[in-house]
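So the protein lines, in turn, are chains S and E. Residue numbering for the first sequence follows the working numbering, beginning at 1 and increasing consecutively. Residue numbering for the second sequence follows the working numbering, beginning at 1 and increasing consecutively.
Heads up, a few of these hints could be off.
Claimed, not checked - Pulled a few chain S residues facing chain E out of the computed Cβ check, cut under 10 Å:
hint: 1; residue: P56
hint: 2; residue: H59
hint: 3; residue: A86
hint: 4; residue: T90
hint: 5; residue: R95
hint: 6; residue: T205
hint: 7; residue: L212
hint: 8; residue: I216
hint: 9; residue: T294
hint: 10; residue: K304
hint: 11; residue: L305
hint: 12; residue: L307
hint: 13; residue: S321
Hints in this document: simulated from the structure, not taken from any laboratory. The structure presented is a predicted model; accordingly, all values stated were derived computationally and were not measured. C-beta: ideal position from N, C-alpha, C; glycine also.
Number of protein chains: 2
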Amino acid sequence: MTNLDWGTPVVAPDPALVAAARDRLEGLATPAGALGRLGELAIWVAATQGAVPPAPIEHVRAVVFAGDHGVADHGVSAYPKAITGAMVRTFLSGRAGVSVLAAQHGVSLRVLDLGVEEDLADVDPAVKAFKVRHGSGAIHLEDALTADELQRSLTAGARIAEDEIAAGAQLLIGGDMGIGNTTPAAALIAASLGLPATEVTGRGTGVDDTALAHKIALVQQALDRAGDRVDDPVQTLQALGSADLAASAAFLATAARSGVPVLLDGVISVAAALLADRLAPGAAAWFAAGHRSTEPAQSLALDKLGLDPVLDLGMRLGEGSGAVAAVPLVRSAGLLLSDVALLADLLP
Amino acid sequence: MTNLDWGTPVVAPDPALVAAARDRLEGLATPAGALGRLGELAIWVAATQGAVPPAPIEHVRAVVFAGDHGVADHGVSAYPKAITGAMVRTFLSGRAGVSVLAAQHGVSLRVLDLGVEEDLADVDPAVKAFKVRHGSGAIHLEDALTADELQRSLTAGARIAEDEIAAGAQLLIGGDMGIGNTTPAAALIAASLGLPATEVTGRGTGVDDTALAHKIALVQQALDRAGDRVDDPVQTLQALGSADLAASAAFLATAARSGVPVLLDGVISVAAALLADRLAPGAAAWFAAGHRSTEPAQSLALDKLGLDPVLDLGMRLGEGSGAVAAVPLVRSAGLLLSDVALLADLLP
Numbered sequence: 001m002t003n004l005d006w007g008t009p010v011v012a013p014d015p016a017l018v019a020a021a022r023d024r025l026e027g028l029a030t031p032a033g034a035l036g037r038l039g040e041l042a043i044w045v046a047a048t049q050g051a052v053p054p055a056p057i058e059h060v061r062a063v064v065f066a067g068d069h070g071v072a073d074h075g076v077s078a079y080p081k082a083i084t085g086a087m088v089r090t091f092l093s094g095r096a097g098v099s100v101l102a103a104q105h106g107v108s109l110r111v112l113d114l115g116v117e118e119d120l121a122d123v124d125p126a127v128k129a130f131k132v133r134h135g136s137g138a139i140h141l142e143d144a145l146t147a148d149e150l151q152r153s154l155t156a157g158a159r160i161a162e163d164e165i166a167a168g169a170q171l172l173i174g175g176d177m178g179i180g181n182t183t184p185a186a187a188l189i190a191a192s193l194g195l196p197a198t199e200v201t202g203r204g205t206g207v208d209d210t211a212l213a214h215k216i217a218l219v220q221q222a223l224d225r226a227g228d229r230v231d232d233p234v235q236t237l238q239a240l241g242s243a244d245l246a247a248s249a250a251f252l253a254t255a256a257r258s259g260v261p262v263l264l265d266g267v268i269s270v271a272a273a274l275l276a277d278r279l280a281p282g283a284a285a286w287f288a289a290g291h292r293s294t295e296p297a298q299s300l301a302l303d304k305l306g307l308d309p310v311l312d313l314g315m316r317l318g319e320g321s322g323a324v325a326a327v328p329l330v331r332s333a334g335l336l337l338s339d340v341a342l343l344a345d346l347l348p
Numbered sequence: 001m002t003n004l005d006w007g008t009p010v011v012a013p014d015p016a017l018v019a020a021a022r023d024r025l026e027g028l029a030t031p032a033g034a035l036g037r038l039g040e041l042a043i044w045v046a047a048t049q050g051a052v053p054p055a056p057i058e059h060v061r062a063v064v065f066a067g068d069h070g071v072a073d074h075g076v077s078a079y080p081k082a083i084t085g086a087m088v089r090t091f092l093s094g095r096a097g098v099s100v101l102a103a104q105h106g107v108s109l110r111v112l113d114l115g116v117e118e119d120l121a122d123v124d125p126a127v128k129a130f131k132v133r134h135g136s137g138a139i140h141l142e143d144a145l146t147a148d149e150l151q152r153s154l155t156a157g158a159r160i161a162e163d164e165i166a167a168g169a170q171l172l173i174g175g176d177m178g179i180g181n182t183t184p185a186a187a188l189i190a191a192s193l194g195l196p197a198t199e200v201t202g203r204g205t206g207v208d209d210t211a212l213a214h215k216i217a218l219v220q221q222a223l224d225r226a227g228d229r230v231d232d233p234v235q236t237l238q239a240l241g242s243a244d245l246a247a248s249a250a251f252l253a254t255a256a257r258s259g260v261p262v263l264l265d266g267v268i269s270v271a272a273a274l275l276a277d278r279l280a281p282g283a284a285a286w287f288a289a290g291h292r293s294t295e296p297a298q299s300l301a302l303d304k305l306g307l308d309p310v311l312d313l314g315m316r317l318g319e320g321s322g323a324v325a326a327v328p329l330v331r332s333a334g335l336l337l338s339d340v341a342l343l344a345d346l347l348p
């Protein structure tokens with residue numbers, strides 16, 4: 001039984017715990033405000049964990065949602081779709097960027113094929129347990145998913161979150177893999193913020209000026225095609241998303257509804273978070289932002305969610321890599337709040 | 001025998017290794033530039049280590065240089081000098097900010113009293129093995145150190161670096177503890193960059209507007225008193241530094257001269273780095289910047305050294321805390337360059 005009570009507001013972290021965490025922060029034997037953003041992050045860690053001081057964040061679990069996108073056949077990416085399947089295999093071999101970072105930080109990493117075009121016949125069937133279709137629709141020409149496929153994607157995302165939480169996750173991360181995926185992400189963010197394609201569309205893995213202009217035109221075509229269906233988050237995902245993005249959004253919404261904090265990654269993750277916050281209003285209180293991507297839509301969506309990233313390193317690898325790179329700092333924030341001496345203990 | 005060959009240029013990391021590291025970075029199975037600053041940091045890690053791909057950075061060693069400053073009796077700090085000794089004891093108990101972060105990241109942490117006013121009679125004598133004096137001079141009124149004390153401080157810093165390198169350091173960090181120490185740090189940076197006190201002086205641990213104006217006046221008074229002695233780095237440290245700052249500068253210069261990379265911290269560490277680069281021209285090639293402090297002088301000095309910080313979290317705790325917080329990202333940079341798949345390996 002999945003936790004798909006869309007539309008019902010999410011319960012926020014307990015304000016009394018937020019206050020208690022702030023009191024403890026102000027009582028540390030450090031100058032007021034000297035921890036900067038780590039101090040604010042420490043309050044979020046304690047409040048979302050429901051404990052002041054917070055426990056060490058040992059169990060971090062990341063899921064990479066992989067899928068292809070019909071738009072990738074229409075000149076929006078510097079890479080061919082065949083890369084998506086090749087990268088799924090690279091994740092499984094432990095040699096993708098996020099795999100290396102996850103191993104460094106003891107983060108559990110699970111790769112799931114929600115909508116990769118390839119069959120991936122040689123890959124462990126568990127990776128394909130939630131596969132919804134072989135490539136989502138080209139959103140400028142057609143809906144990404146049928147209504148049934150959308151529901152299956154949402155159910156999959158919720159179920160995956162529940163599995164990860166049952167496995168003991170104290171902090172969740174949703175990553176992505178899919179050639180062309182910055183195009184639906186930009187469309188989802190534009191649709192959710194009421195912005196034109198020109199303001200949200202970036203270079204993704206690195207297209208040139210001509211391809212960028214073309215990409216902007218396709219995003220706008222997709223937005224025009226969707227029309228006022230974008231007022232509804234489920235319709236938005238069906239029209240402009242993909243199996244992997246819809247599952248990601250449900251994964252994030254389910255984490256928030258279950259009271260498990262999430263560290264967001266780049267533009268794909270933040271697009272999913274924006275939809276999660278529409279599916280489950282208030283979900284963003286359970287999210288922190290791991291890093292600032294070079295994609296303009298990511299910063300616009302983070303502003304809307306009221307989130308300020310921990311890292312700003314000009315990364316644009318995707319995969320969840322920016323979030324996993326930021327895990328030690330989230331852990332540091334919690335440890336500083338729990339382990340630094342209190343002024344009251346130092347005074348005679 | 002310490003390595004105090006001041007004035008002789010430092011040998012830069014081998015350009016052939018820089019080129020080989022860049023080639024490997026460009027050959028990774030990631031889009032060009034997708035690792036952002038971590039890619040540039042990876043090149044620095046490989047080049048300063050002298051190995052492509054680089055080895056994991058397991059042995060990171062941090063030294064906190066503690067000392068008091070006569071200016072602290074003249075209204076430049078929100079805290080009394082007695083805090084310096086209390087914090088030395090807090091480091092030793094493992095409950096200071098940097099202690100918590102060092103324990104998290106497996107960083108060796110050594111606290112040394114170079115010029116604390118207190119006797120610290122209750123503290124392990126090893127902590128005081130390099131003590132030069134009880135509080136350095138009030139720099140707006142007198143030299144921080146005598147010529148002999150300055151030489152002892154420089155020799156101590158060089159010797160401490162040599163000890164840490166002999167203990168196996170692959171990466172060194174210099175931290176600080178000392179009430180009032182942002183005042184000599186601002187003066188050292190102003191003196192080295194030819195700037196007036198108004199441009200370099202910040203709020204330190206958090207003084208109000210009136211105290212800030214007073215602090216600016218004292219920094220300018222110190223600069224005026226030093227006059228053209230600031231053209232010489234040794235004279236600059238004697239007039240405007242302190243036992244702990246002079247030792248830090250020699251520590252950093254010795255690391256660079258020994259070919260061991262350093263991760264810099266906030267304004268105190270970067271002031272010492274600027275002097276290290278004057279004592280040992282070219283030393284900055286061996287330095288990376290851990291974090292951006294809220295002190296204006298730190299950013300000015302980093303610009304001069306050509307360094308861009310890994311973290312920008314509004315921290316102003318000192319102690320080496322910003323550098324230690326950034327250690328996982330320096331490790332990540334190296335690991336990404338060594339462990340991510342090469343495109344050539346993925347192609348059939």
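Okay, the hints, checked on the actual structure:
A hinted interface residue such as P56 of chain S counts as satisfied when its beta carbon comes closer than 10 Å to some beta carbon of chain E; here the least separation is about 9 Å, so the hint holds. Look at H59 of chain S: its Cβ only gets to about 16 Å from chain E, farther than 10 Å, so that hint breaks. The interface hint given for A86 of chain S holds, since its Cβ lies 6 Å from the closest Cβ of chain E, which is under the 10 Å cut-off. Interface hint at T90 of chain S: satisfied, since its Cβ lies 5 Å from the closest Cβ of chain E, which is below the 10 Å cut-off.
Annotation: R95 of chain S was flagged as interfacial toward chain E, and the flag holds, the nearest CB pair being 4 Å apart, inside 10 Å. Hint on T205 of chain S holds. Least Cβ distance to chain E is approximately 4 Å, under the 10 Å limit. Contact between L212 of chain S and chain E, as hinted, is not supported at the beta carbon level, the nearest pair being about 15 Å apart and thus beyond 10 Å. Evaluation of the I216 of chain S hint against chain E yields a violated restraint, the C-beta minimum of about 19 Å exceeding 10 Å.
This hint holds: T294 of chain S has a C-beta 7 Å from the nearest C-beta of chain E, less than the 10 Å allowed. Against a cut-off of 10 Å between C-beta atoms, the interface hint on K304 of chain S is violated, since the closest Cβ of chain E lies about 22 Å away. The beta carbon of L305 of chain S is not positioned within 10 Å of any beta carbon in chain E (closest approach about 19 Å), and the interface hint is therefore violated. At about 15 Å, the closest approach between the beta carbon of L307 of chain S and any beta carbon in chain E exceeds 10 Å, and the interface hint on this residue is violated.
Against a cut-off of 10 Å between C-beta atoms, the interface hint on S321 of chain S holds, since the closest Cβ of chain E lies about 8 Å away.
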